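S.K.: Produce the complete structure using the sequences and hints provided.
2 protein chains.
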Amino acid sequence: MTTWKDFADLKAVQRLAELARSPYNLARPDSLPPERIANYKASACGFDLLYAAQRIDDNVLAALQELADEAGLLAQFQAMKSGAVMNRIIGHASEERQVLHTASRDIFSDAPLAPAATAQAKEQLARLKSFLADVDSGAVCNEHGQPFTTMLQVGIGGSDLGPRALYVALEKYRLPGRKAAFIANVDPDDAAAVLASLDLSRTLVNVVSKSGTTLETRTNEELVRTALAKAGLNPLRHMVAVTGAGSLMDDPARYLAAFHMYDYIGGRYSATSMVGGVTLGFALGYDAFIEVLRGAHEMDKAAEQPDIRANLPLLMALLGIWNRNFLGCNTVAVLPYSQALLRFPAHLQQCDMESNGKQVSRTGTPVTWKTGPIVWGEPGTNGQHAFYQLLHQGTEIVPAEFIGFRRSQHGSDITVNGTTSQQKLAANMLAQSLALAQGREHENPNKHFAGNRPSLVLIAEQLTPYAMGALLALYEHRIAFQGFCWNINSFDQEGVQLGKLLADRLLGVMAGGKELSPDAPESSLLQAAGMAA
Amino acid sequence: MTTWKDFADLKAVQRLAELARSPYNLARPDSLPPERIANYKASACGFDLLYAAQRIDDNVLAALQELADEAGLLAQFQAMKSGAVMNRIIGHASEERQVLHTASRDIFSDAPLAPAATAQAKEQLARLKSFLADVDSGAVCNEHGQPFTTMLQVGIGGSDLGPRALYVALEKYRLPGRKAAFIANVDPDDAAAVLASLDLSRTLVNVVSKSGTTLETRTNEELVRTALAKAGLNPLRHMVAVTGAGSLMDDPARYLAAFHMYDYIGGRYSATSMVGGVTLGFALGYDAFIEVLRGAHEMDKAAEQPDIRANLPLLMALLGIWNRNFLGCNTVAVLPYSQALLRFPAHLQQCDMESNGKQVSRTGTPVTWKTGPIVWGEPGTNGQHAFYQLLHQGTEIVPAEFIGFRRSQHGSDITVNGTTSQQKLAANMLAQSLALAQGREHENPNKHFAGNRPSLVLIAEQLTPYAMGALLALYEHRIAFQGFCWNINSFDQEGVQLGKLLADRLLGVMAGGKELSPDAPESSLLQAAGMAA
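Listed in order, the protein sequences are those of chains A and B. Position 353 of the first sequence, counted from 1, bears residue number 361 in the numbering used here, the numbering being contiguous throughout. Position 339 of the second sequence, counted from 1, bears residue number 347 in the numbering used here, the numbering being contiguous throughout.
Take the hints with a grain of salt, since some may be wrong.
[Stated by the list, open to error] Have a look at the derived ranges for each label pair, beta carbon to beta carbon: (1) Gly-336/B to Ala-318/A: 35 to 43 Å; (2) Leu-509/A to Ala-25/B: 34 to 42 Å; (3) Arg-245/A to Pro-184/B: 29 to 37 Å.
[Unchecked claim] Reference listing, derived: stretches of chain A covered by chain B, where coverage requires no fewer than 3 residues with Cβ under 8 Å from a Cβ of chain B: (4) 49-62; (5) 341-348; (6) 351-358; (7) 439-451; (8) 528-536.
[Said to hold, decoys possible] Pairs of lysine to aspartate or glutamate, EDC-like flavour, derived with a Cα cap of 20 Å: (9) Lys-180/B to Asp-207/A; (10) Lys-49/B to Glu-530/A; (11) Lys-49/A to Glu-530/B.
Just so you know, these hints were derived from the structure itself, not from any lab. Quick caveat: nothing in here was measured; it's all calculated off a predicted structure. We treat Cβ as the ideally placed atom computed from N, Cα and C, and that holds for glycine.
M.R.: Right, here's the structure in full:
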């Protein structure tokens, strides 16, 4: 196994700290000459990464390469893809699991890196293909012999955010007469509003929970079963499950079909497993889902490049570390210039912050360096008319990641003032990157822009299933590379446990089954909130 | 006029800096005794604010009161509501405008604070009432005499985010057969997807732009007009406008009706003017919109309380300043435990970050203190399964603002394990607040929670139009009070101008009308992005 080194002990970290005393000044005149813009560009899987507007130069890039090499980032990545137990804390009880989301799309070669996991993925894909063929043919249909038109995914966290982000991104590619809907939150208003908008008689419900015991999902499943029963529908004709083999939900007496998910794929990395596959396959077609897998798989391979300047995920990881640990930025804004990517920042929030919002190293010692930043964002030109004020003139520096496309999905566009809407969209994105970098001198201090604010641009031809798969994997690996570099376990989530435990205690009190001292904060808080029994 | 003092010059700021050397430790055993939880509670307009889980004690509260008094926050607030020119930078060219969003709802008393503005608001409301009555009666109808069912709002920034957030929050209260839709982004895919989902023959289009010249809105209006024409529909029967009196859009030859908005209400504060009123009135009914105004107005009055412990917006403003300027937190997470508030964080991002993401004081000098934080968030239990990991165990401290309700909107709920979904939702919210504050000792360092992370809870009975109005105004005034305290102009947005200017330059090149030196960054960037002509 690769030796894991603490971030603070790396020689390259010292070198970078020295370089960070005088980082590249983007606001200097001529800071963006043509050769810099042309050279600071990397490409993979149809995406171009333009990073001239980062506060770096060739010396910083060389030191970041040293960092990658010294920390053994690629070796760790290969170990992960090959089935090493990367989800662990040495010397303490931990999940002790493999991390094999890449295996779920390593289905295109004859020699997959983790053959057993890929064989399981292929088996589930074959079952999905056959099930979807039965839906298409009408062999699977409702009580009246009518075809299903809607799949309602019931899940939360990783069983919701990734699949939903992908579905929203790719809605344009829906099969005729097919759509998907989602219920996640335990908020009864959410479920009620979604259920009210659907024709339940034509809906397949897809309940997703690895353990089969997730509180929110179980509650929402009951709500949906009640609604089906009220509508005189037989749940057994309408319910499928995605769950762990042998879980409470892996039960043919309760579900039309149960597809399997595995312990070696964490929730937030599971969009390319059956967790995303069943709903995306239903709504977009099996072939479109395979295109998502192909895009992700090709990015998985592109992430093996040892030269950081040719490796998009690794380069983005290292630029992020430069901004986070050396320039002191504690947030990252992800700003897609594509309304279809509306929910992609929410997926990234989970994937990044749940992975790298950690306080102990993989040897169980408290970290003495900063780990994962706060990730936030909204689609582009909306944001321009909103929070960009702070990006340009606020007292915080926010590294921005712009994502855009040269062509629209729908192709219905209009020319106003000599340019199409899609051209306006891309022009705005590039203009923001320039404005953040260069700023503007002005005699009126309120119209002065200091500039020197870093950003990068990711641009591809069109947001297709393939591109979406590649983009998903690009960010997954950026996150994993950062976690490897910070020497933290990016694959567990112990930090979400305490809240669950306290919620259970409060619910015990509310249900009347549990007595608490009146002096306990739980009692006082329920009282103050007007929620005491 | 009140004298405006620089934040750094306030005596209370020195006092608070001293107190910040040993802030209250929420993770100490017994840090949350019953009397603290009961005492650190304030109420207004049906909302309870629980703030025991802030890192404060009575000394800090006293110093925050001094800060409010010394900076004259209430006097400035009253001046704002009474029509003082608060949107200005002294000694430099600036917008020089009144700030009178409160006048748009000061319609319930006989002696409004800004009578002329309130008279204009009442006039527009009367016109809206009459127009909506014509829609109800069928006097306004489509080419075939059918009633309109949908209003499509075309706007961007403040003409979109606030009205959309309110509509999503209050969809439960829609009139039978009525709904709203929104197009904002210049992304042609967004417009295409929205238009494809509507029956245009039954749709009224509401174009919102104060100047009548906003690029995105103009482009989207053209797109919609083209779609109407293609569907054989007469735009004059389908288009209304909300715009400045005398603007290009204030044109009876092009719109069925034009409602007016005024320079003294900024976009991000305009949801309670006709900018929100026309669409909300159409979809929810005129009376429901008046209820929104009533809630907002009552919060406007509650914000006049001189005792900070009885003034919700002022107290939240000061607690935010404590966290921002004295405890060093540069972000705020707004976490509604209500799916209906899905878009409220996006509205707040605009309202807060565009208002207070500023670098110069109201006398035109660069600030030497931190101004507006980064505001971000997602609905509650979804977030718990996502980014809460970082909130609990990350290396950044994120003050959290929880918003919840005791009763659901829909009232359709289900009991599982002895509690309803709504109870689970509220219990989870309170549990998170406790977990952040108290943390947990654990021998396994990965299961250890340091705690001592501040949060507050806002809770009300139910998310009604009245409650939504009050919540909107609560945050508007929190933002204004903070801006007053930081001595910045919260009501302009010069920081969004440079990006627009550079986008125009790039579009000029793309349209072929403008020549740039091949060495200009604009040219190289277009080339690198594969967007050069």
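S.K.: Hints numbered earlier in the text: which of these fail when held up against the supplied structure?
M.R.: none
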